[in-house]
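2 protein chains.
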Amino acid sequence: MSEPKFLDELKFDANGLIPVVIQDANTGEVLTVAYMNRDAVRLTFETGKTWFWRRRHQKLMMKGEHSGRVQVVKEILVDCDADALVVKVEQVGGAACHEGYPSCFFRKVTRTANWRFSSNESLTRTRSTAKKVAGDERL
Amino acid sequence: MSEPKFLDELKFDANGLIPVVIQDANTGEVLTVAYMNRDAVRLTFETGKTWFWRRRHQKLMMKGEHSGRVQVVKEILVDCDADALVVKVEQVGGAACHEGYPSCFFRKVTRTANWRFSSNESLTRTRSTAKKVAGDERL
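Those protein sequences? They're chains B and F, same order as listed. Going by the working numbering, the first sequence opens with residue 1, and the numbers climb by one from there. Going by the working numbering, the second sequence opens with residue 1, and the numbers climb by one from there.
Since the hints were derived computationally from the structure, they do not count as laboratory data. Fair warning: there could be bad hints in the mix.
Same chains, same names: a pair is fine if it fits in one copy or spans any two.
What the hints assert, rightly or not - Calculated pairs, BS3-like style, for lysine-lysine (alpha carbon to alpha carbon, straight line, at most 30 Å):
#1 Lys49 <-> Lys11
#2 Lys59 <-> Lys74
#3 Lys49 <-> Lys74
#4 Lys59 <-> Lys5
#5 Lys74 <-> Lys5
#6 Lys11 <-> Lys59
#7 Lys5 <-> Lys49
#8 Lys59 <-> Lys49
Chain B extracted, bound-state conformation:
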């Protein structure tokens, strides 16, 4: 089996990686930002599950490999410069984040009435994603 042709159109960075936005196919919520190398993109395309290059582990892993919280691929989008991807998924098990939250983006910068001069703001939990999903928090 030959490699999918679109792989040759993608621009990987100096480390051989491309940033990938994982988006919930139903709600549009951004679940996580992760990195794929060429093999991870190919495997994501071929298996219909997301694969990432885990920079911390320096290892290619299927999301949900241990936790069962796999991501079923619905669509793969490529940007104008072909150096970033959006992968729309259905998240199995409700939690994309290894900390047990539905989305990794569970914190937001607090805003006041005016964005200007709000110099003492810090991070707070977002309402929509503040509820942890119980269970296994491994990848």
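Using the hints provided, position chain F relative to the given structure of chain B.
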């Protein structure tokens, strides 16, 4: 005026950058993936418009500086590792992409009935974003 405290919680990469997903605050569509340095995050927070570190130009620029297509910030989200941001915006002028498309992600990997073994797929325009917005295509 002191710097916003949350800046100290963010993790910038070896080049001093953090990847940022720009998302349409109304539709949830991912408009672009770009990079901010510390100053760009601070300016985005303080001015309520998006600022990016343009890697190609090696320069800090406000989005829409030349084209008028500014992005009005509605919300800034931070991920679990504090090494990626989602900024929800209202896109002025209808086009986020410098090529004149509403979203930079105007191409998708064609899928067949089954993701597996579709080795000869290439990129096609997405239906939703295939229509260019007329006018100035500068940043």
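Hint-by-hint comparison with the structure:
| no. | hint | in the structure |
| --- | --- | --- |
| 1 | Lys49 <-> Lys11 | both (21 Å within a copy, 28 Å between copies) |
| 2 | Lys59 <-> Lys74 | within (24 Å within a copy, 36 Å between copies) |
| 3 | Lys49 <-> Lys74 | within (9 Å within a copy, 32 Å between copies) |
| 4 | Lys59 <-> Lys5 | within (24 Å within a copy, 34 Å between copies) |
| 5 | Lys74 <-> Lys5 | within (19 Å within a copy, 38 Å between copies) |
| 6 | Lys11 <-> Lys59 | both (20 Å within a copy, 21 Å between copies) |
| 7 | Lys5 <-> Lys49 | within (19 Å within a copy, 38 Å between copies) |
| 8 | Lys59 <-> Lys49 | within (16 Å within a copy, 37 Å between copies) |
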